[in-house]
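Colleague: Single-letter residue listing:
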Amino acid sequence: MKRSLWFNWFSLLALAAILLTACSTPSPTVEPLPTEEESATLHALYMNQAGYSEEILQEMAQQFHADNPGVEINFTFVKYDELHDKIVTSAAASTATYDVILLDLIWTAEFGHKGYVIPLDERITEEQKADIAPAIFDAFIYNDQMWAFPFLANFQNMFYNLDHLQAAGFDGPPATLEEWYAQMVALKEQDIVQYPYIDSWNQKEGLVCDYVRTAAQFGGNLFDENGQPIMDQGAGLRALQFMRRLVDEELADPAALTTDEPGAMNALISGAATFNTNWTFVRGNMLDPEKSNIVDAARTGLLPTAKDVAAPAGTVSGFQGLAVMANSDKQEVAWRWIQFATSAEVQQQHLESEFPIWSSLQNSEQEQEINPDAEFYATNLANAHHRPKVANYPEVSAIIQEEVHSCLLQITSPEEATAEMVQRIDALEE
Amino acid sequence: MKKRDAKPNATRLSIHASEEKFALALVTPAFLITFLIVLIPLLYALYLSFNRAEVLVVGGQGGLVTEFRGLKNYFYFLSSPDFWYSVRTTLYFTVASLIIELVLGIMVALLLNEEFWGRGVVRTLLILPWAVPTVVNARMWGLIFEPHAYGALNGLLQTLHLLGPEQTINYLAPIPLFQNAPLLGELTSWLGITRGLTWIIVGDTWKTLPVVALLLLAGLQAIPLDLYRAAKVDGANAWQRFWLITLPLLRPIILIVLVYRTMELFRVFDIIYILMAYTIPVLGVTTFQQSFVFGNFGKGSAIAFLIGLLVLLLANGYIHLINLEERE
Amino acid sequence: MTPNHQTRNYRKILSRIGLYGLVFLLLAWTLGPFAWLFITSISTQAKLNQIPIQWLPQAPTFEHYQAMFDTSNPTGELFLAALRNSITVAGSTTLLCLFFGILAAYALASFRFPTKNGLTLMMLATRLLPTIALVIPFYVIIVNYIDPIFPLFDTKRNLIALYTSFIIGLVVWIMRGYFATIPKELEEAAMMDGCSRLQALAFIILPLSLPGLATTALLAFLLAWDEFLLALIFSRTANAFTLPYFVFVVGSSQYYQSPAAVAAGGVLAALPPLILAFVFQRQLVRGLTAGAING
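Chains as they are written, first to last, in this note's numbering: chain F, 1 to 430; chain S, 431 to 758; chain X, 759 to 1053.
Pulled a few chain S residues facing chain X out of the computed Cβ check, cut under 8 Å:
#: 1; residue: 454
#: 2; residue: 463
#: 3; residue: 467
#: 4; residue: 472
#: 5; residue: 493
#: 6; residue: 555
#: 7; residue: 573
#: 8; residue: 574
#: 9; residue: 717
#: 10; residue: 722
#: 11; residue: 738
Now the stretches of chain S that chain F is said to cover, found in silico as 3 or more residues with beta-carbon under 8 Å:
#: 12; stretch: 478-490
#: 13; stretch: 578-584
#: 14; stretch: 589-600
#: 15; stretch: 605-617
#: 16; stretch: 703-713
#: 17; stretch: 723-734
Everything labelled a hint here was simulated from the structure, so no lab data went into it.
The C-beta atom is built at its ideal place from N, Cα and C for all residues, glycine as well.
Please construct the entire structure, taking both the sequences and the accompanying hints into account.
Modeller: As structure tokens, this is what we get:
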């Protein structure tokens, strides 16, 4: 009895084993190359976005493959919201799953601090430095070291509906923040639109961007040079008061509070809103008759600053860099790919899709031709402010998001919200 | 179980000791699958919850670095107003969903118990929402709750003239209900009763209501019709029949639905995370954020255990209820 | 007819109208969201942005469905991979749960042994644990300790193992209930004829509990098909993405939003469970009731 029992068991287990192995084919490719060879598969983590889209990245990878026949690039595309989690996951593995990652500038400090990515200072040439605006470079520096190579120069612009403005008796976009406000009031009073302004104020990273941008429009920052929060005074406070005022006076669409960037764009291109402050991706969409109802009226402009601010514009940066994981075993190949993907030659092929990081390309005739708004872009870009570079940015950002959101939901006052932010950020452990 | 044990020929099967071993051998794999994969991680999580644990890459090697800090993680949350706000928000989601599901569930079950043309078809259609994957359900309601006039629900309410042509509702805004009413507003914001969460309850209920209704319907159909006839003869009206016959006889099944749904509702994560990311801090979402966004696996484990503790408390309460029921 | 009769008839008609009114409301509530999901999936962005709302698309487009099955398109590639993964993961999970679950359920239903009740309860208790409580240790253990030796992260077998451990308790619970309803005499008779116990299980008991078996399989499959949190954390690439994960990411990113693509992905991901539920409606309800009630 006993033997037959165990025999039975054995056959059952064998069957189960067959089932399991049958199910799990094809098994994942295990990298057989711990030492760097000419042939390798690079794993790159990237995000779905317009501009440098999945198609374009694949195209770049094919070109790279043609030059480096041994190297295959295997992309993973994820939502922005998951990018950070996936990078941490990759860092937790003894050998990284991704060799190259897309680094949003807000992670510079965290990833540098925790050693997730390697410093690139020694690899960057003076020539390269000379052709990239300092505002862009600076975004990826933490502790005097450079942690990612700029890849994509994203930043916010003003997008507006000229028909609405003309109907309200204005010739063009506002030159100052005060004028912007006056235009919104006029648009509302004359009932040209119900809500003149739409933005992406749902409780996500985008809200921090909009807050930093508004503070930039008031000529200041939320944090001082030492990384200490100062939003309870000066530009930080004025910015939140301004945003709140737009909500209170119903100049901003209440839907903004649950809308993200593409949702805000939809409100602009549906014709429901006159102004949208948003990232560069809007331009292509608002001019696309397949998507937009306002193709002829859609315009790009400067983000106006307050009267007492000298800068001609104020915006927030959303730069993305490419970085090499510190636990990758293919760092040399990874760097070669980064050099290729960010090179002026490659970016020149895709001017239609994305604003280049290289100054020489930004000012090239080709770019002016493709993007008649390049001038506005360049001015906004030169006046971009960064979000704080602190190692515990995710927690800091979560606090700012919560407090700004609860202020815009009319639960707390701007004074209370900013004071809370300073206090909670100071109280964070380390 | 009890019934079968009373049968003499059933017990005869378990005389031999070898049979016992055989039975154990049959149970072992299922048991191991459950416990290797569940129990060991649980113990490990307990260990993590007493540590600071974060991901670092040192010398080209990635990994988790831990540092013992005793009960600090637990104290951190127990003394944090945010944690208690999360508890209240989660409780609101759980309790409000339960009440709606049960009340509407009983009503739908009573309706489906009536004779009408096409009843079979309606019953079949009713199960469909339950089959929709949670993620699809969340994204579908995200489309319906689109805050502009081109959103489905806003469009519907405007078409029905329940909203003016310029009026729209921003369904998912996490604004406390009755925000401007003096005392009530403070209560709702303390409890985390927000408009956004309330509409999410609507979306979640759409998916779960059918199962609850169909379970209750099965219970209704088991009630002998004679009871109703007898009550009618005694002069009880429909309302009395419901309170005196239907409800008491449905009680066991209501209790089971209550237990099963509480456990599911209390650990809600999917629909809230998908629709609102971290805006509505129910416990599941807070845990996820602590661990996978902030990278604090120690703190994340501590909250996870606190959730487990709360679930145990709830379960304990229900077991109490069921025991009372059986004693009656 | 007496006036009394007439009012009674009148009231009866009224109550019928009321009844059908309620039924109509119930149907509208149940089917309305489906309708909007489908309409969205065949609309263009410009139509979806139309104010006032346009209920029916003038020029329906199926491009979003076509994109899903077009391997030259990244969305299509991702969708097809996710579909394959979902079928493999949910299918294998179901088979494993049934295989081991049936053995355990049979033992628990047919024998008496000391740890029996404790085991049953503990298996069921795993269903009560919040998944999120287990995700953190799973994650840390798998990433740090198991993966370097035996690749598990971002694999289907990892998801299969995790799903199996979560679902098997339910399978044992329901199957135990079914087995308990089968008369012992049949089994004993088979054994008199020289069948071993496992043979009796395979040839006598299982065929008799086939309806229950189908229901349980269906439930296990649907649970595995639906799972999101574990897939979110433990999959990264087309290697292991499942459909819930796909629907979570499809049609939206920070700079891009396509409600129509979301809807098309949603429709396709929901279709298999919807068809199964539609066809096996009766069995499902019976299974759910059994799962809730027996024991």
